[in-house]
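Enquirer: The lines below spell out each chain.
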Amino acid sequence: MPDLTAKRRRPLWFNLSPLNLPVPGLVSIFHRVSGLLLFLGLVWFLFLLDMSLSSESGFAHFRSYVGHPIVKVAMLALLWAYLHHFCAGIRYLFLDIDRGVDLSTARRSSYAVLAVSLALTAFLGVKLW
Amino acid sequence: MTKVVVGAHYGLKDWLAQRITAVVMAVCTLIFVAVLLSGGPITYDSWKALFTKGLMGLMPFLTLLFVVSALIHAWIGVRDILMDYIKPTALRLAFEVVTILWLIGCAGWAVRILWRL
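Respectively, the protein sequence lines represent chains A and B.
If you count by this note's numbering, then the first sequence holds residues 5 to 133, one letter each, in order.
If you count by this note's numbering, then the second sequence holds residues 9 to 125, one letter each, in order.
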């Protein structure tokens with residue numbers, strides 16, 4: 005039986021939709037990603053807490069451990085995840101009670117969440133180290 | 009639609025629990041950050057004292073409240089993610105069981121860390 009379909013190659017369609025993701029959508033997916041990061045980082049955080057509270061020498065070990073550049077970068081990433089989740093979460097609580105649901109306010113608050121969480125990460129990052 | 013959902017509060021309890029635990033953790037976070045930023049340089053003794061008798065003895069209570077809230081909050085959040093991306097029921101169920109056990113283990117560890125002090 006002759007193949008009557010697909011005589012011509014159909015055009016490839018590249019999915020470019022992520023490039024068009026509006027800012028509130030970006031905040032939304034970051035909220036999910038940061039939440040997952042925090043869940044995965046939880047055990048490491050407990051490991052650090054355990055070390056720092058175990059004993060005098062454990063605390064000293066903790067101090068030198070968190071002084072390592074790779075550890076610092078990882079902690080900074082988790083700090084951002086926490087702060088973004090925190091700021092975006094507050095935004096969602098307001099949306100839940102119908103505050104700021106119109107498009108322009110929702111966009112502006114999304115930009116604010118991104119900016120404030122990054123600024124706080126920088127501020128606390130500098131403050132902690 | 010083949011399945012008509014009738015009745016009320018499907019998932020409302022979880023939705024509400026997610027928000028209540030979020031507010032609890034947010035308040036705890038602000039208190040904790042305020043305490044850290046207002047205090048001087050942290051030594052082992054001041055760090056330990058913070059968790060045993062900080063905030064006029066309220067700190068152990070707040071920490072426990074935070075741990076319990078985090079447990080509930082993380083469970084609902086991870087369950088939502090699993091529902092969205094893992095379609096085969098058996099696999100999702102397996103992930104959910106692992107998540108629950110993992111979170112209970114983490115909470116147990118947190119309690120042990122604070123109990124030991």
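No lab work stands behind these hints, which were simulated from the structure alone.
A virtual CB, placed ideally from N, CA and C, is assigned to each residue, including glycine.
Mixed in with the good hints there might be a few duds.
Just some of the chain A residues that point at chain B, by a computed CB distance under 10 angstroms [claimed, not checked]:
1. 40
2. 51
3. 84
4. 102
5. 103
6. 106
7. 109
8. 130
Think about it this way: if two alpha-carbon atoms lie no more than 20 angstroms apart in a straight line, the pair counts; the simulated SDA-like pairs of lysine to any residue are [claimed, not checked]:
9. 76/A <-> 62/A
10. 131/A <-> 95/B
11. 95/B <-> 76/A
Enquirer: Each hint should be assessed against the structure and marked as holding or not.
Expert: Results of checking the hints against the structure:
no.: 1; hint: 40; in the structure: 6 angstroms, holds
no.: 2; hint: 51; in the structure: 9 angstroms, holds
no.: 3; hint: 84; in the structure: 14 angstroms, violated
no.: 4; hint: 102; in the structure: 14 angstroms, violated
no.: 5; hint: 103; in the structure: 14 angstroms, violated
no.: 6; hint: 106; in the structure: 22 angstroms, violated
no.: 7; hint: 109; in the structure: 20 angstroms, violated
no.: 8; hint: 130; in the structure: 12 angstroms, violated
no.: 9; hint: 76/A <-> 62/A; in the structure: 18 angstroms, holds
no.: 10; hint: 131/A <-> 95/B; in the structure: 44 angstroms, violated
no.: 11; hint: 95/B <-> 76/A; in the structure: 37 angstroms, violated
When the structure is compared with the earlier hints, violations turn up for hints 3, 4, 5, 6, 7, 8, 10, 11 and for no others.
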